[in-house]
Amino acid sequence: MEISGRIVLIGETEQVGENFSKRLLVVETADTYPQQLPIEFVKDKTTILDNYKVGETVTVDINLRGSEYKGKYYANIQGWKIAKSDGTPKDDNSTDDLPF
28 MEISGRIVLI
38 GETEQVGENF
48 SKRLLVVETA
58 DTYPQQLPIE
68 FVKDKTTILD
78 NYKVGETVTV
88 DINLRGSEYK
98 GKYYANIQGW
108 KIAKSDGTPK
118 DDNSTDDLPF
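The working numbering numbers the first residue of the sequence shown as 28 and each following residue consecutively.
Don't take each hint at face value.
In silico DSS-like pairs for lysine-lysine, Cα to Cα no more than 30 angstroms straight-line [unchecked claim]:
no., residue 1, residue 2
1, K99, K80
2, K72, K99
3, K70, K97
4, K99, K49
5, K111, K49
6, K70, K108
7, K49, K108
8, K49, K97
9, K108, K80
10, K80, K70
11, K72, K111
12, K49, K72
13, K70, K111
14, K108, K72
15, K70, K99
16, K80, K111
17, K70, K49
Since the hints were derived computationally from the structure, they do not count as laboratory data. As the structure is a computational prediction, the values presented were derived from the model and not from experiment.
Modelling step: build the complete structure from the supplied sequences, incorporating the hints.
Structure representation (structure tokens):
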């Protein structure tokens, strides 16, 4: 799944516990009713955001995550790849290792 829009915020990398880090990216969509969507990048994907800045238009590949805790349900948007809106990736962590 993809989300396209303008970067509103790039947060600092946060350490959560000993072996887990996360970083927040907020993207504003260009819909009729624009939405500011918080997207989390986790673990080794946090460094992908180092090459981007507020105001750039990007497309973010995401996974929707959900969980239940003590009878309450939570949703999360997790990013794993980002590219400038022209489709040119700016990260070196691409998972596309196909030989053709």
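Going down the list of hints, with the structure as the test:
1. K99 / K80: violated, 35 angstroms
2. K72 / K99: Distance ~28 angstroms between K72 and K99 Cα, so the pair holds.
3. K70 / K97: holds, 26 angstroms
4. K99 / K49: holds, 22 angstroms
5. K111 / K49: holds, 21 angstroms
6. K70 / K108: holds, 13 angstroms
7. K49 / K108: Between K49 and K108 the Cα gap is close to 14 angstroms, so the pair holds against 30 angstroms.
8. K49 / K97: holds, 24 angstroms
9. K108 / K80: Cα-Cα ~15 angstroms, so holds.
10. K80 / K70: holds, 20 angstroms
11. K72 / K111: Distance of about 16 angstroms is within 30 angstroms: holds.
12. K49 / K72: holds, 8 angstroms
13. K70 / K111: holds, 22 angstroms
14. K108 / K72: Between K108 and K72 the Cα gap is close to 8 angstroms, so the pair holds against 30 angstroms.
15. K70 / K99: holds, 25 angstroms
16. K80 / K111: It holds: about 11 angstroms lies between the C-alpha atoms, which stays within 30 angstroms.
17. K70 / K49: Holds, at roughly 6 angstroms.
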